[in-house]
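Student: As you go down the protein sequences, you meet chains F and S in turn.
Numbering-wise (the UniProt record's numbering), the first sequence opens with residue 1 and increments by one.
Numbering-wise (the UniProt record's numbering), the second sequence opens with residue 1 and increments by one.
For the record, the hints were derived by calculation from the structure and aren't laboratory data.
Computed from a prediction, not measured in an experiment: that's the story for all the values here.
Any given hint could turn out to be false.
To be verified - Examples of chain S residues lying across from chain F (beta carbon under 8 Å, computed):
hint: 1; residue: 213
hint: 2; residue: 224
hint: 3; residue: 231
hint: 4; residue: 241
Quick reminder that beta carbons are idealized off the backbone N, C-alpha and C, glycines included.
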Amino acid sequence: MSVLSVRDVGLSFAGVTAIDGVSFDVGPAELLAVIGPNGAGKTSIFNVLSGVYRPQRGSVRFLGQPILGLRPHRIAAMGLARTFQNVELFHNLTVLDNLMLGRHCHFRYGTPAALLWLGRARREELAARAKVEDIIDFLELAAWRRHPVRLLPYGIQKRVELGRALAMEPRLLLLDEPVAGMNLEETEDMARFVLDIRDELGIPLVLVDHDMGLVMDLADRVLVLDFGRQVALGTPAQVQRDPKVIEAYLGET
Amino acid sequence: MTHTDRKVRIWGRPLLYTSYAQDMALFDTRAKKLWCGGLVLFALALSQVLVDHTLELLATALVAAIGAIGLNLVTGYAGQVSLGHAFFLAIGAYTAAALSGDPAGRTLGFGVTNLLIWLPAAGLVAALAGVLVAPLATRLRGLYLAIVTLGLVFLGEHVFKEWDDLTGGPGVGRPAAAPELFGWRLDRPGPLGSREQQLYLLVLVVLVVFAVGARNLARSRIGRGFAAIRDRDIAAEVMGVPLTRYKVLAFGVSSFYAGCAGALLYTVSGGYFEAGSFSLLLSVQYIAMVLIGGVATVSGSIAGALFITLLSPVTRELPALLPFISGDSTQTPNVFQVETVLYGLLIIVFLVFEPRGLFGLWLRVRTYWKSWPFSY
Ligand SMILES: Nc1ncnc2c1ncn2[C@@H]1O[C@H](COP(=O)(O)OP(=O)(O)OP(=O)(O)O)[C@@H](O)[C@H]1O
Ligand SMILES: [Mg+2]
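Here chain S stands alone, though its shape is the one from the complex (with noise of 0.2 Å):
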């Protein structure tokens, strides 16, 4: 204790700890700082490489990080399986479309551009969703709230049909909502480059401000207290944690995560999207993410969002290659159905083999090369 102030990291010894604030810093250990250092660098190099249909791409990968994040932290950490997020992307997709759309325009609009009002505010009108279905988590557990929130999907699926005023009506849909930062259009090219490079810049701040805050989550007595509600509920509540806030805080937090993720998903892929996007197949995607890359990790919810998004273009060109396999979604078999079922395989596997997934991939990699040339 006598040490819990001092700074210093001795020379030669690494891992060495001091100090208990050293111990319980975000990045733990020097490799991991370098290594997160790096990938932010590397990441931001990548926009000045890379072409604009790539980092349309990547752009889309990063903001399906920030989703996987926040279904993460209800499923993977807290322990409530939500098969729901689409509708919380849905919620909000539409409030920053709405209120940044046009007033004169066809859809609902009201014209507050800036990103700064309409991110956050997607964030909290989701997580206010969120909050109102929280309740059911404290009264169903394991499958059957799986099934209560695959019902939300379902509903909003059919609320969004309707509502045409919202959301365009099926098969037109509407403008996503516009990035407008004091004046500046992200979505037009600027000071930083083309469309695609200032939004993959953009997501790219975005995701570090949510992974960051997650991490720091996770690590609070918030995070620990969903692990304790996940593991053990009786004694969670037992320790003090108080069971129906913690779940309804864990799916507040998730949805805000969903509703920023859904805000810009569209704005960054194409500006434009459909009532039909938010379906179960997206719920599902996420799930995948989550499952793929590692639950109840930060790295890995990215890790898996990445993979996921980056294997859709791969299926795409399935029909090119695999003639009987059909482009077109009314058709059987599409490549939408071979994505699921792809989906559903990937899960199985990783379940079976690597039920850390990509993180735990990470890991094994990590240990190999640390105790190399030794097998253990």
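Just chain F, same shape as in the assembly (with noise of 0.2 Å):
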């Protein structure tokens, strides 16, 4: 069964068509890459999925439940996790503290033990402290754990954002533009951060990026977006031979 299936969505702001009836799979401990030119979509793709726009057409199951209409904050508690294209950290706050809020849906103390700070709250946020702890070995971040994240250098402040969302245990990631911007090795780094939580996490992910390399390298399979239609779908070597993709997107560089 997959994890999350879209059926024919369709997204547009007023004029703007920004998605055109696309439809797409993701199953277990898969690694979907999304790809296309600037404004194709890919990222209004995310902000369906996670609650942040409603498109006027379609629908999409995660976890074999409908989620189209549903509050973000349902569907993060649900167990979908995503970063940003333009990093979103809670800046003031360290590190260690926006991997604790990625925890925010796993706590189940209330009001008044928060005030106490007794026996359940207590408990929880020691447990959860674990938990963050071993994601801030497993993305090597021990070094930053308290500073304030809008000290950060970029490429960190990406990895942190990464941090965030697997501090929620999620069932999906989503990645837009993990590697945007930042340098050789912390691509390479960030590769690899992408590769073991598929493999050793064993989470599945949608991947969005402009980095073609990376994307082929790592992808199970490759979704390719144009003006917000569905151009192709299917593994890297299938997607790379297909005129239609070189013609819309690898052919113009």
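Dock chain to chain to rebuild the complex, using the hints, since each chain is given by itself in its own frame.
Tutor: Now the structure itself:
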């Protein structure tokens, strides 16, 4: 059974068509890449999936449940995590607190327990902290733990954002241009993390990026968009050979 | 992770943590523990050395600190600018005064003088008002929210002026809540000393409880949720923080603090209050406390409240020194106008030179001494 299934989704903004009839599935532990020129609708798809935009038509099922029309926090609680194209961290919080925030949906204690910091609140916070430390180890963020994120270099911020999404213990992870603006070394680190997430943690991913080398190396399948329309969907090898893709996208460069 | 359960602190390395519990404790360093303990002891000792008049002023400042912490929760932590704090203080003050008032008196009273009843009740009624107002915050942001909450103050002022039965009417007023604990009247000389000494000790205890509560809340999932909706609301929602519920919660908790502060405020200072007390000036005072003390810090809120409250007896001396400033609010320029201008100036000076407020100044001093004699 697929983790995510998107059927004929269409979204437009006052005349601008952002997504026009896109359908795809994401399988368990699959890495699906979404590529396309600027303005092709990649980020819009992420916004639809995470509940920020509501499409005019189509349907989306996540873990078998329809999710269109749900508030973003409900979808998050179901286990859908994402990063943003332009880093959207909580700038005044430390790395640690940003990651702890990622665990928001996993806490059960309420306001009274929080005020008193008794029993349940304390226990859950400590357990969450241990989980977050695992992620800090995994992403090699230990050196930055207590820094407010606004003071960190861009490449590290991207990594913290990935950590915050991982802290949600997601069932599906959406990464919007995780290596944009990174140097070669940072890109390689990120690629390694992405592979580890799929292979070791077994979390399926949808990855948007303009770095063709990275996409073709990592992805199990590739979805190609152009002006919101679905141009191709297949393995990297199939997609690279597809004349429509070459015309619409690879041909330009 | 193997060290999670060990609670030893290795001698000679006071900043070395050996467990997450230690790292996440309320007082995560020994220095903090000593400082806070020392301050509380010092505050207790003050009740024995200061004269009653000064104690009354200090007690007022401590009550203001409770209100300031409340405002800081909604505005500093959760980022929802509120100019309506005076309104919630008023609701607390009137709820408590009415509950504990004399049933046979001139103004509304139910005779429930037990402080353990009217104090939480004042907080809860104010919190309810906060929760009712909060949905506005989900539709409005920034300046618009500030203006709408400002409207609350005007609305409240009007209602309190008209509702003579509750407030005693403009220029007349009514007695504040009577603090009684199982038959023991704290506003009369008793086992713990004079009226002022007893009330001071009472509000000191209440402040410590409320401050610890706020600190706990701030470091919990709820405090992080507040910070998240303040810094980036869309991302917060995508990370699973329900926006509406958290804004409602922020207003609710903040108003609870305001309600309790309002209930105690006039009990401590004078024992009598008047409908005109809850004006925009009062809201501005609390904004000043938060901004001058330090946004999104509990200790800053307390420092700010002390600063602003202790400033006013100084400004009230002005008419004696500068004859052109009047002590009468019907003349211009008067001390109240001077105060408003002074708050404004202080806010501007702090925002420009030290946006972290008094808390930031303290951080600077601390860093300076820590690194002394090196300059960085
Ligand atoms: N909130 C919005 N309001 C109006 N138009 C929008 C909005 N969001 C996206 N669009 C439009 O939808 C189209 C697709 O945008 P989208 O951001 O999804 O592209 P993208 O594929 O992510 O591009 P890039 O590679 O530049 O990130 C664009 O034409 C864009 O202008
Ligand atoms: Mg994009």
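Student: Let me know if the C-beta of residue 224 of chain S comes in closer than 8 Å to any C-beta of chain F, holds or violated.
Tutor: Interface hint status for residue 224 of chain S: holds (5 Å vs cutoff 8 Å).
Student: Are residue 231 of chain S and chain F close enough, Cβ to Cβ, to be under 8 Å, as the hint says?
Tutor: Holds: closest Cβ of chain F sits about 4 Å from residue 231 of chain S, inside 8 Å.
Student: Checking hints one by one. Is residue 213 of chain S an interface residue toward chain F, by the C-beta closer than 8 Å rule?
Tutor: Since the shortest Cβ distance to chain F is 4 Å, the answer is holds.
Student: Let's test the interface hint: is any C-beta of chain F closer than 8 Å to that of residue 241 of chain S?
Tutor: OK, holds: residue 241 of chain S within 8 Å of chain F, min 6 Å.
Of the numbered hints listed earlier, not one is contradicted by the structure.
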